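Undergrad: The lines below spell out each chain.
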Amino acid sequence: MEPLREGFFAPRLALCALPRRRKPITAMHIIVCIKQVPDARQVKLDPETHTLIRTGVESIINPYDMYALEEGLRIKERLGGTVTVLTMGPPQAETALREAISYGADEAVLLSDRAFAGADTWATTYTLARGIEKIGPFDLIFCGKQAVDGDTAQVGPGLAERLSLPYAAWVRKIEDLGEGLIRVQRLMDDGYDRLELALPALLTVVKEINEPRVPSLKGKMRAKSQKIPLYGAADIGADLKLTGLAGSYTQVIRVFAPLRAREKEWLTGSVENQVGQLLHKLATRQLIPFDIS
Amino acid sequence: MGSEILIDLDRCSGCESCLEVCPFSALEMRDGKPVVNEQCTLCGACAEVCPEGAIILPETAPSAGPETGYRGVMVFAEQRLGRLSEVAFELLSKGRELAQLLDAPLTAALLGRNLAPLAAELISQGADRVYAVDHPRVEGFTDEVYGEALTQIIRAVRPEILLAGATPVGRSFIPKVATQVGTGLTADCTDLAIDPEKKVLLQTRPAFGGNIMATIICPLRRPQMATVRARVMKRGAAKPGRPGEVIPFEVDWDRVAGKTRLLEIVEELTEKVRLAEADIIVAGGRGLQEGKNFPLIRELADCLGGAVGASRGAVDSGWISYAHQVGQTGKTVAPKLYLAIGVSGAVQHLVGMQSSETIVAVNSDPHAPIFDVATYGIVGNLFEVVPEMIRQLKAAAGRRE
Numbered sequence: 000m001e002p003l004r005e006g007f008f009a010p011r012l013a014l015c016a017l018p019r020r021r022k023p024i025t026a027m028h029i030i031v032c033i034k035q036v037p038d039a040r041q042v043k044l045d046p047e048t049h050t051l052i053r054t055g056v057e058s059i060i061n062p063y064d065m066y067a068l069e070e071g072l073r074i075k076e077r078l079g080g081t082v083t084v085l086t087m088g089p090p091q092a093e094t095a096l097r098e099a100i101s102y103g104a105d106e107a108v109l110l111s112d113r114a115f116a117g118a119d120t121w122a123t124t125y126t127l128a129r130g131i132e133k134i135g136p137f138d139l140i141f142c143g144k145q146a147v148d149g150d151t152a153q154v155g156p157g158l159a160e161r162l163s164l165p166y167a168a169w170v171r172k173i174e175d176l177g178e179g180l181i182r183v184q185r186l187m188d189d190g191y192d193r194l195e196l197a198l199p200a201l202l203t204v205v206k207e208i209n210e211p212r213v214p215s216l217k218g219k220m221r222a223k224s225q226k227i228p229l230y231g232a233a234d235i236g237a238d239l240k241l242t243g244l245a246g247s248y249t250q251v252i253r254v255f256a257p258l259r260a261r262e263k264e265w266l267t268g269s270v271e272n273q274v275g276q277l278l279h280k281l282a283t284r285q286l287i288p289f290d291i292s
Numbered sequence: 000m001g002s003e004i005l006i007d008l009d010r011c012s013g014c015e016s017c018l019e020v021c022p023f024s025a026l027e028m029r030d031g032k033p034v035v036n037e038q039c040t041l042c043g044a045c046a047e048v049c050p051e052g053a054i055i056l057p058e059t060a061p062s063a064g065p066e067t068g069y070r071g072v073m074v075f076a077e078q079r080l081g082r083l084s085e086v087a088f089e090l091l092s093k094g095r096e097l098a099q100l101l102d103a104p105l106t107a108a109l110l111g112r113n114l115a116p117l118a119a120e121l122i123s124q125g126a127d128r129v130y131a132v133d134h135p136r137v138e139g140f141t142d143e144v145y146g147e148a149l150t151q152i153i154r155a156v157r158p159e160i161l162l163a164g165a166t167p168v169g170r171s172f173i174p175k176v177a178t179q180v181g182t183g184l185t186a187d188c189t190d191l192a193i194d195p196e197k198k199v200l201l202q203t204r205p206a207f208g209g210n211i212m213a214t215i216i217c218p219l220r221r222p223q224m225a226t227v228r229a230r231v232m233k234r235g236a237a238k239p240g241r242p243g244e245v246i247p248f249e250v251d252w253d254r255v256a257g258k259t260r261l262l263e264i265v266e267e268l269t270e271k272v273r274l275a276e277a278d279i280i281v282a283g284g285r286g287l288q289e290g291k292n293f294p295l296i297r298e299l300a301d302c303l304g305g306a307v308g309a310s311r312g313a314v315d316s317g318w319i320s321y322a323h324q325v326g327q328t329g330k331t332v333a334p335k336l337y338l339a340i341g342v343s344g345a346v347q348h349l350v351g352m353q354s355s356e357t358i359v360a361v362n363s364d365p366h367a368p369i370f371d372v373a374t375y376g377i378v379g380n381l382f383e384v385v386p387e388m389i390r391q392l393k394a395a396a397g398r399r400e
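Chains as they are written, first to last, in numbering that gives the first Met the number 0: chain A, 0 to 292; chain B, 0 to 400.
No lab work stands behind these hints: they were computed from the structure.
Bear in mind that the values here come from a model prediction, so they are computed numbers and not experimental data.
For each residue, glycine too, the CB sits at the ideal point set by N, CA and C.
Do not take every clue at face value.
Stated by the list, open to error - Output of the computed footprint for chain B on chain A, the stretches with three or more beta carbons under 8 angstroms from beta carbons of chain B:
(1) 28-35
(2) 85-93
(3) 242-250
(4) 263-271
Bound-form chain A, shown alone (with noise of 0.2 angstroms):
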């Protein structure tokens, strides 16, 4: 059996060295979840009010959705298959799905409708669970790791759970990915774990995955004339007492600025008078090992 299998495996790894006629030796097909956010980086604070000034501000794809985007795309060039774009959100957020097939997703759904309104992540991976059944059979599904503007974390392993898969948060590298199996690399606080999934399975990425590219010239051209499903909840089948703010869990009570404002003391005098002073006022407050006198 075994020189038949050499001979089998020969003529396909000589194929592989072809970049352009690579033959897939399994297809993935991948589902990557995003979420269109205001512009973090053109947020300003009004420096009298401590409120945000959001004038003119963009929306953009979550940037830690870039990297789950790249991954799949990787992922994808080298084995073949797809990348399919999921996002929920207002019908403008048909905008962030044309971007990610500007760099270079196959597919993209819009899971928007009234009724999707106000959702917590509970409601958020209900709904997107439901349109993930109605894209069909995935081999891995990947998140980024958090969304800047909720800062939760809490969807992509949430949605893991409605869909029974196993998961990993915080993937900072894919070490291996076989029949079947996916080895990732987990980032810690103190260090990283070593983790080995069965497929399908559920990754969010941090921004030590790896490098987004930029877009293509091809992609976006394609990004202004590819269609874009626009599924509502009877699309997807989803029962409304279960999405939008209807089927959310968590109420929010109250949204106020925070407390930014300190007592401030501006230290003057000489450059040795300001430090003398600074260092003992920490000293008395204990905040430093020092007995400055």
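Go by the hints and put chain B onto chain A.
TA: Quick look at chain B alone, frame taken from chain A:
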């Protein structure tokens, strides 16, 4: 259909207060009155600020009360490599306070091996009962086994509130538990309180990178679950000899599919002091001008026994590695003392450090936004100020020897 905010146009005075506070640009003026658009997430900021009370949020809570049969506060006591995490103690202290207000017990869930000494520590720090899963399968952390174990504990013990640290472990597997149990979860809380009337947990957390704060409740489902940021709650004093009970908990492992395997735990301790746990952080920014000046920050940090942080500008310039970055795309820190040296204070940096207890800012520009959050401000040339700090600190250390 009740999923839009209602604006009472007769009451509305057209003052535009709501437009200013809307974090999502969801309101626009048309003919002198606000109109809500598709960006609305029903966050309620507008209703809160409207001086005329003209904005009404859709009714969400049905008349039914919360699920019954749940009692007490449970803390997930995270341990890694046999050491309890600091946040577990902070949660016990806060959990004790909440349990007292509810006149209910405080329990802890503990997963790992050889748990007796850890359980004793939890009891001395306030736990009335510790549910301990001592099993090889929970020796290391995977979402799959931790999630299933904690879910089974919750289903058996039925606490009214469950708290966990907003650590890489807690933030990873607690969402799975909440989904399995079928309840709401609030991430990364910085304040917890009990509503004196309704007895529900008021969970306050920063959103939008810390630019707005939101108070969230879970009115109907139980337990009310929250992950809580480390170093925000204060750890209480240990009371050795405090009575408490350790209850071994048997997990039904047949329910675990075994689709995740932990292969290896790799520790990468590049820093003497870890940023997230440091009491003192000295952070450098673009004001240092060149990479060769960055060691000045490290020298000051060493003098103070602190950790080194950096703004995104300093990291992007290649002066120091990303592991040191503080801010929205880096680490969120809340040390006792934060020294910002040559950091201008972009909002993305401020959100990562503004909960620090005391903030010292050194900057040549008196209008730099970092001074907005500073406790002490020095306007000056950092290349004069920092060496002087180092000199005085070394002199003081010398005197003490």
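Undergrad: Each hint: holds or not?
TA: Do the hints match the structure? See the list:
no.: 1; hint: 28-35; in the structure: violated (count 0)
no.: 2; hint: 85-93; in the structure: holds (count 3)
no.: 3; hint: 242-250; in the structure: holds (count 7)
no.: 4; hint: 263-271; in the structure: holds (count 6)
Consistency note: the structure conflicts with earlier hint 1 alone.
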